[in-house]
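J.: Residues per chain, in single letters:
Protein chains: 2
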Amino acid sequence: MNELLVLRPDLIEFCVLREGCDTARLPGEKTVVLDGRNFESLASTVHSQGILAVARQPEYEKLDLPRKDPFALVLDRIADPGNFGTILRTARAVGLREVWAVKGGVDPFGDKTIRSASSAQFALSIRLAESLEEMTAALGKLGVIRFFRTEPAEGHSVFREPDLFRDSAIVLGNEANGAGPVPGALPLNIPMPGSAESLNVAQAATVILFESVRRMEKSI
Amino acid sequence: MNELLVLRPDLIEFCVLREGCDTARLPGEKTVVLDGRNFESLASTVHSQGILAVARQPEYEKLDLPRKDPFALVLDRIADPGNFGTILRTARAVGLREVWAVKGGVDPFGDKTIRSASSAQFALSIRLAESLEEMTAALGKLGVIRFFRTEPAEGHSVFREPDLFRDSAIVLGNEANGAGPVPGALPLNIPMPGSAESLNVAQAATVILFESVRRMEKSI
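In the order they appear, the protein sequences are chains A and B. Counting from 1 along the first sequence, just add 864 to a position and that's the residue number in the numbering used here. Counting from 1 along the second sequence, just add 864 to a position and that's the residue number in the numbering used here.
Derived by calculation from the structure, the hints in this document are not laboratory data. Treat the hints with care, as some may be off.
[What the hints assert, rightly or not] List time: in silico DSS-like cross-link candidates among lysine-lysine, alpha-carbon distance up to 25 Å:
1. A:LYS926 to A:LYS967
2. A:LYS976 to B:LYS976
3. A:LYS1082 to B:LYS1082
4. A:LYS932 to A:LYS1005
5. B:LYS1082 to B:LYS932
Based on the provided sequences and hints, a complete structural model is requested.
T.: The following block contains the structure:
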């Protein structure tokens, strides 16, 4: 909520405030104050912060505008709002400026997704494609020359592939079915010495995204 | 469920199977078959796999037994079952054999926790302490010589601290309040070039745990 007020106040249509809550950042002319009981009848969570806002959804970024990051993170129909949101939050933490999503998964602006993302939706651009084919074609036109697709047990190690973050796109797939086919994509592997079969997709994204940070950091 | 059958069949008291589902691995003498309607009335998820089991909870590992891993991952009152479970799943994926938890957070064997963990509970030992003080005292007796505690904006970088995984304990804290105080603990920082204030605790755990894998892998 704070993120919305700080990053995108232009989107706010009006706010509802619980009596007694802090009003410092709220657009006064657009704010209604309600007593506790009336406020709670509107809130969708039990422990609300005491502020609600009705805001317009930001526009999706057009697919043919120049890329803003050295590599593109592509989410192919992620189905769980918690996973999608967590990936956005992590993408923001590592300094990505945009995330590329294929339709058919969760609503990037659903309330659960916004909550898991700590409102990173308002700090990032989101590009939306009808299909993975449309997405990869668009990325190709924008100068992406390598596609990586996570594979469970084989492929280029995320810790050793030198070109992982150079004019590349990294495709992460749906929790149950994985990512769709990408002709010519290189298999990308996250080494797992343990006995687990796979990682949660948000954890896979986190390993990949922070590997990009590590390479900038000159690690040991 | 599969994990329980493969890893800890000794814990199973009895199974309930939906008519028509696969029975290959089930202990026949302990299995009851129900028709669809009766089965669904027992299942707690909408899309059940068609198998239910009543199983005993594994014993917690005693706090004074020798450590099994080069470093200890300590979870101080993690409150969200999804986070706790995801951390267990990730710990298993990187090859840890045990996780150390402080009471006051989620039930490690709650149904949501087991689901998020993909049943990693049955592959890992879990050690449980009454308090963070009891935990650090026990770890000290077992030869842990360094404690790390994640801090948002300062401290030893997870990518550069040479002794991060050597006879150390890494303490991750509650989502709202962070980890409790650990006298003498070194601050551990996950570099975040972006504008986010913090990471989800499960993402922080993932970055740390996979850094231990990377160091074994001789990365670029």
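J.: Hints first: check each against the structure and report whether it holds.
T.: Taking the hints in turn, this is what the structure says about them:
1. Distance hint between LYS926 of chain A and LYS967 of chain A is fulfilled; the C-alpha atoms sit about 14 Å from each other, no more than 25 Å.
2. At most 25 Å may separate the alpha-carbon atoms for a hinted pair to count; LYS976 of chain A and LYS976 of chain B meet this at roughly 17 Å.
3. Proximity of LYS1082 of chain A to LYS1082 of chain B is assessed by CA-CA distance (about 14 Å); at most 25 Å being required, the pair is judged to hold.
4. Among the hinted pairs, LYS932 of chain A with LYS1005 of chain A is consistent with the structure: their alpha-carbon atoms are about 14 Å apart, no more than 25 Å.
5. A threshold of 25 Å between alpha carbons decides the hint, and for LYS1082 of chain B with LYS932 of chain B the separation of about 23 Å falls inside it, so the pair holds.
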